[in-house]
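The primary structure of each chain is shown beneath.
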Amino acid sequence: MKLLLGLVLGAAFGAVLQLSGASSHTKIVNALRLKDLTIIKLILMAIGVGMLGVHLLDLLGLANMKVKELYVLGILLAGAIFGVGFAVSGYCPGTALAAAAEGKPDAWMTIAGGLVGAMVFAFLFPELEEHLLAVGSYGAVTLHGELGIAGIWLAAPMGALCIWLAHRLPGGAGTP
Amino acid sequence: MRKHTGVEPVMPWWAGGLAIGAILTVATGLVQPIGVSTQYVVFDGVWLHAVAPDLAARSPYLAQTAEGWTLATYEFFFVLGIPLGGFLAALATNRFSPRLVPREWAARFGPSPGKRLLWSFLGGFILLFGARFGGGCTSGHMISGVSQLAVSSFLFSTALFISAIATAKWMYPDREAKR
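One line per chain: the protein sequences are H and E, in this order.
The numbering used here applies: residue 1 is where the first sequence begins, and numbers increase by one.
The numbering used here applies: residue 1001 is where the second sequence begins, and numbers increase by one.
Using 30 Å as the maximum straight-line C-alpha spacing, the simulated DSS-like pairs for lysine-lysine come out as follows: (1) E/1115 with H/35; (2) E/1115 with E/1169; (3) H/35 with E/1169; (4) H/2 with H/66.
DEER-style ranges, computed between Cβ atoms: (5) H/2 with E/1114: 37 to 47 Å; (6) H/148 with E/1115: 45 to 55 Å; (7) E/1010 with H/135: 42 to 52 Å; (8) H/145 with E/1010: 36 to 46 Å.
Some chain H residues judged to face chain E by a derived CB distance under 10 Å, without partners named: (9) 62; (10) 74; (11) 114; (12) 122.
I should point out that these hints are in silico values taken from the structure, not numbers from a laboratory.
We put the beta carbon where it would ideally sit given N, CA and C, even for glycine.
Construct all of the structure, not just a fragment, from the sequences and the given hints.
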């Protein structure tokens, strides 16, 4: 039952990525070149709605949160590395899967490269853990947790800000 | 205006964003926030365990991530659903685009498929190395993590965008004439 739920939610996610252009190399690259902000608007909207939804659930005690660990140096390096891969491939690990299903051979290669990259990381992990993941390590911290308030008090204004920003950014320009 | 290029979205940004935010909310209520990149490791682990169990067991990271060496998990099926949904969506809207070289790439680096495929592979390598290093990708860190107001996800996303925009600007310098 849980497997089926996973498949259905994943399929909904994959369908939205496809339909909204997030699986398109052109759309991603032009978003990163700041030529066509459609995907940036989409992400901001998703985060805005997600913030409100998740923290409303949390207010009702219904959210199964899973907050990622903070290790400052490693996180910054990792984000920077990921960004290079994002621009070079034009996909992220999720959108590559949707793009591969559309029949794009370069998305298949991104997935293959990703599997190798993940494997290499798995075998380097003990080294990296010792030297990099320990620097600036604070555990699974959240903004509202640090302030000692319920998440919704931050999520409501910040979520609204994301949605407003998504609305205000220029969209659709730059594509034929 | 060309038809069926597979490039132009059929769903506007606000509807797509609303839908992803709603999927995240439902997933968080029923099971957990959404995430993708961990499952690349899980797939690696299960595969390696099948072909070379001793080698797989030597990586504590693999053994821990691919717990039980099985793909029959909610998390893996979620990721399996993404190409399924992408395929059905492309089928329903007739937006398959089995082109070898994407338009922007061809305009800048030429039409050679080998070059594009090689760099796609390298890009994927860097992408997943970074994602596993940081503990998440666009889904897990940027969408799920920032939505949960996780400090690590704000940092990861900021570094990601600065680096991705700088790389894209460097790879694709702006030019006046198009085509």
